[in-house]
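Please dock the two separately framed chains into a single complex, following the hints provided.
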Amino acid sequence: MAPASSESVSLSRSAEALDAIQVEDQRPKLPGRLIIVEGIDGSGKSTQLDLLRKWLTNQGYLVMFSEWNSSPIVKGITRHGKRRQLLSPMSFSLIHAADFASRTYSQILPALQSGAIVLADRYVYTAYARDAVRGVNRDWLRRLYSFAVEPTLAFYFDVPLEEAMRRISIGRPELKYYEAGLDLGLHNDPFESFRRFQGLIRQEYECVVDEFGLLRMDATESLIHQQQRMREMVRPHLDGAMRLPNPPTADAWQVASLLGHNQAERRPLLEPGE
Amino acid sequence: MTAPRFYGASPPGVDDIALPGRLIVIEGTDGVGRSTHISLLKEWLESRGYAVVNTGLRRSELAGRGIERAKRGNTLDPLTLNLLYATDFWDRLERQILPALRAGMVALVDRYIFSLMARARVRGLAAEWVENLYGFALVPDLVVYLDIDIEHLVPRVLGSTGFDYWESGQDYLAGPDVYGNFVEHQSRLLGQFRRLAAEHAFTTVDARGTVAEVFRSLCEVIEPVVEDMATFTDIADGHLLQLPQIASE
Chain A
11 MAPASSESVS LSRSAEALDA IQVEDQRPKL PGRLIIVEGI DGSGKSTQLD LLRKWLTNQG
71 YLVMFSEWNS SPIVKGITRH GKRRQLLSPM SFSLIHAADF ASRTYSQILP ALQSGAIVLA
131 DRYVYTAYAR DAVRGVNRDW LRRLYSFAVE PTLAFYFDVP LEEAMRRISI GRPELKYYEA
191 GLDLGLHNDP FESFRRFQGL IRQEYECVVD EFGLLRMDAT ESLIHQQQRM REMVRPHLDG
251 AMRLPNPPTA DAWQVASLLG HNQAERRPLL EPGE
Chain B
-8 MTAPRFYGAS PPGVDDIALP GRLIVIEGTD GVGRSTHISL LKEWLESRGY AVVNTGLRRS
52 ELAGRGIERA KRGNTLDPLT LNLLYATDFW DRLERQILPA LRAGMVALVD RYIFSLMARA
112 RVRGLAAEWV ENLYGFALVP DLVVYLDIDI EHLVPRVLGS TGFDYWESGQ DYLAGPDVYG
172 NFVEHQSRLL GQFRRLAAEH AFTTVDARGT VAEVFRSLCE VIEPVVEDMA TFTDIADGHL
232 LQLPQIASE
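As given, the protein sequences belong to chains A and B, one line each in that order. Residues 11 to 284 in this note's numbering are what the first sequence spells out, letter by letter. Residues -8 to 240 in this note's numbering are what the second sequence spells out, letter by letter.
Looking at chain B on its own, in the form it has when it is part of the complex (with noise of 0.2 angstroms):
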C-alpha cells in the first residue's frame, strides 16, 4: 500500500487518500527510447494481470492541446513554458494518474517532473524555484533513468524523427547550427539527468543496447515493484512473474 508522500506541501485534496496502486516513472532524453519501452512494459504487466494506466507530456485534457499551440508561436520564455507543463503535469496527475493508484493499477508514467525541471535548470530557471514548483508531485514508487551518451543518441534520433525544433534548444541556443546545438543542448540535458539521478536515488538502466536487452534490465527492477500488489488484487497464480522470454539478438 503506497501512503501518499509528496515531495514539499500535499496539494489540496489529495493529502489523505490511499493509492495501492504502482507509480513506476521512465525517464530519459528525447529519442532514448522510452516510448517503445513502455509499450513492451505494458503488454508485459498486462498479460500478467495488471491494469495499467500510462500517461506522457502533453496528454492532458486541460493544457495538453494549449501546449502543442503555444508552441507553435515564437513569443513562449522558458518560464511560461514550465507553468503550462506543470498545469499539464498536474491536470494528468489528479485526473489520471491519481485514480489509477487509487483503483489499484499500476501507472506507468512516460516522463515524470525530472524532465521538466531538467529542461528548465538548462533554460536557466533556478534551482530552487524548480523544485518548489514540483513540490507537489507525487513521489514515484520507482524512477528508471534510461541513460545514454550522445554518440549513441544522435544515430537513433536521426534514424526516427530527426532533429526537432525544442529538442535541439533552439528556442535558447543561438545560431543556426542545428547538429551543433542539439550536441549542447541534449549534453547539458543529460548533465542534469545525471545530477537528478544522483539526488532522487533513480534506478539507472543502461539504455544503449539493444531493445530486447534493455527490456529486460527494465523489467528485473520493475519486477519487485510490483511483486508484492499480487497479494492485494488476488490474482497470484504462482508464474505471475515470470520474465519474458526474448531471444537475444
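Just chain A, with the same shape it has in the complex (with noise of 0.2 angstroms):
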C-alpha cells in the first residue's frame, strides 16, 4: 500500500471486501486526498498534523479529521474492555479493527467521495505495528484491513527511543494499563513495561515503513522546520481538492490580525470594488 502516485486517492488493490460492497460502482472515484501520520507515542505526529490542518482550513479546503479509536458506535465497548482489562491480543485487534471499519464508512469514505481532505492521526499501519508486538499474525493483519482506502501522503515521524520517553514523562503522571503494555507482561513497573513496548513497536514499524513505502519524517528537527517539510509535500496534491467558496471565519480572522504567516497562502478575501 505505498502512497498513491495520482492526484486522487484510490482504493487498494486488495480492496474485495470494499468492492463488493459498493456493487453499483465497482471502483468509486474518490476526489478527496487522505493524508495519515504514524509514529509511536511522543513522535509529535498528532501535533504536526493539527499544524497541517490549520493550514489547509485557513485556506479554505474543506478538511475532516478522524483519530484512531474515536467511532462512536465502538469506543463503548473498547471502553468497557479496556476499563475490566478484558481485552487480549486478538479482542484487542478486532475491536479496533471495527473501529476503523465504522470510521472508514460513516467518515473517511464520504468525505473522500465529497473532495473533502481528510487527515488521520494514525491509519492502519499502527495496527500492523502493534498487534503485530502482541503476536498477532502479520499476513492476517494485512488482509483484515484490506478494505481500508490507501492513503494520498502517508508520514511517519521517526524518533530515539529515549527521546520520546522523555517527552512522555514530562507530559504524562500515569500510564494506562494497555498503554503501557502491561497485558504483554513485559515489566511490572508501567514506565519500564512502557518503554519496552515503544521500543517492540518501534522495531515493527521499521519493517511497515519500508514495506509500505512511508515517508520517513525526522521526528527531532524543530517544530516549524519539520512543519515547513510536511507542507512542501502536502502542497503539489491539493490542485483540485474541494475548497470553501467563503472560508466562514476568514473574515472574522482578517479583523483580528491572526492570519499571520498563512495570509500569502491564501487566496484574496475580497476581489477588489466587492
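Since the hints were made in silico from the structure, they are not lab data. Just to be clear, a hint being listed does not mean it is correct.
Below, in silico cross-link-like pairs of lysine-lysine (DSSO-like), each with a Cα-Cα straight-line distance of 30 angstroms or less [as the list claims (entries may be wrong)]:
#1 Lys92/A x Lys62/B
#2 Lys64/A x Lys85/A
#3 Lys33/B x Lys85/A
Output of the computed footprint for chain A on chain B, the stretches with three or more beta carbons under 8 angstroms from beta carbons of chain A [unchecked claim]:
#4 71 to 81
#5 163 to 169
Just so you know, even glycine gets a beta-carbon here, dropped at the ideal spot from N, CA and C.
Structural data, given as C-alpha cells:
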C-alpha cells in the first residue's frame, strides 16, 4: 500500500471487501485526499497533523479529521474492555478493526467521495505494528485491513526511543494498562513496560515503513522545520481538492489580524471593488 | 483428545494447549429451533455425566451489550457489524469455549462462525475477506446444520417472535415489504448455509420434523463424537450413551 502517485485517492488493490459492498460502482473514484500520520507515542505526529490542519483550513480547504479509536459505535465496547481488562491480543486487534471499519464507512469514505481532505491520526500501520508486537499474525492483519483506502500521503515520524520517553515522562503523570503494554508482561513497572513496548513497536514500524513506503520524517528536528517540510510535501497534492467558496471564519480572522504567515497561502478574501 | 486446529493462522496465546473436551456446534438460520434443541441436548448430556457449557452469539462479557446497543442505532454498516460479532465470538472462544475444552467439558455452541459468514456474504462482503477474518476460529469436532426450507420456516417464526428487523434483512434490502424481505433474506441465507455445509462437511439434520424427531437425529450424530470421552473422564458405567426415550408424537 504505497502512497498513491495519482492526485486522487484509489482503493488498495486487494480491497475486495469494499468493492463487493459498492456493487453499483465497482471502483468508486474518490476525488478527496487522504493524509495520515504514524509514529510511536511521543513522536509529535499529532502536533504536526494539527498544524497541517490549521494551514489547510486557513486556505479554505474542507478538512475532515479522523482519529484512531474514535467511532461512537465502537468506543463504548473498547472503553468497557479496557476498564475491565478484558482485552487479549486478538480482541484488542478485532475491536480496533471494527473502529476503523466504522470510521471508514461513516467518515472517511463519504468525505473522500465529496472531495474533502481527510487527515487521519494513526491508520492501518498502527495496527500492523502494535498488533504484531502482541503476537497477531502479520499476514492476517494485512488481509483484515484490505478494505482500507490507500492514503495519498503517509508520514512516519521517526523519533529515537529515549527521546520519545523523555517527552512522555514530562507530559504524562500516569500510564494506562494497555497504553503501557502491561498486558504483555514485559515488566511490572508501568514506565519500564511502556519503554520496552514502544521499543518493540518502533522496531515493527521500521519494517512497515519499508514495506509500504511511508514518508520518513525526522521527528527530532524543530517543530517549525518539520511542519514546513510537511507542507512542502502536501502542497503538490492539493490541486483540485474541495474548497469552501468563503471560508466561514476568514473574515473574523482578518478583522482580528490572526492570519499571520498563512495569509500568503490564501486566495484573496475579497475581490477588489467588492 | 482434540489437538487445537484452526481454520487459519493460530491466534496468539492458544496454539499450544491440550483440549480433551469436545466442541459441538449447532448451526442453522433464525427460528429453525436451535435454542430448543440446545436446551434438550444439554439436559441429555448432563444427565449422562458430561459437563456442558453452552454459549451463543452476543453472550460475551466484552462485546455482547455493545452489539445490542449498536444495533439499536441506525449507522451500522455490514463490515463494522461483522467485526463486532467477530470480537464477540473471539471473546467467547477465548474465555468460555477454550477453558471448557481444556477442562474436558462439552462446549455446545449455538451458532459459530458460519452464521456470521453467511450474514456477511448476503450483505455483500467478499468471501475471501470473510474467510480470512474467521481464520482464528478453532475447528469444531462436529458442526450440525439444522436444514429447513422457507415454507416450514415462516410458520415457526410467526409462531414465536415474528419478523425481526435484522432477521428480515431490513438493513440492506429495499422497501417496506417485511414479509417479502424476510423471505428474500432467509432464502439467501439458506443458500449460503448450504454452500458452507458442502464446503466444510457439516452434518446436516432435517429440521422440518417434530421436536422429538429432530432431537433424536441430533442425539444420533452427537453420540459418536462424545462416546470415547468417557474413557478419559472415568464416568463410564455402561449406560452412559443410551439414546433418549421419547414418545413419538
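Quick rundown of the hints versus the structure:
1. Lys92/A x Lys62/B: holds (22 angstroms)
2. Lys64/A x Lys85/A: With a Cα-Cα distance of about 27 angstroms, the restraint between Lys64/A and Lys85/A holds, given a limit of 30 angstroms.
3. Lys33/B x Lys85/A: Distance ~36 angstroms between Lys33/B and Lys85/A Cα, so the pair is violated.
4. 71 to 81: Coverage by chain A holds here, the residue count being 6 at a Cβ distance below 8 angstroms.
5. 163 to 169: violated (count 0)
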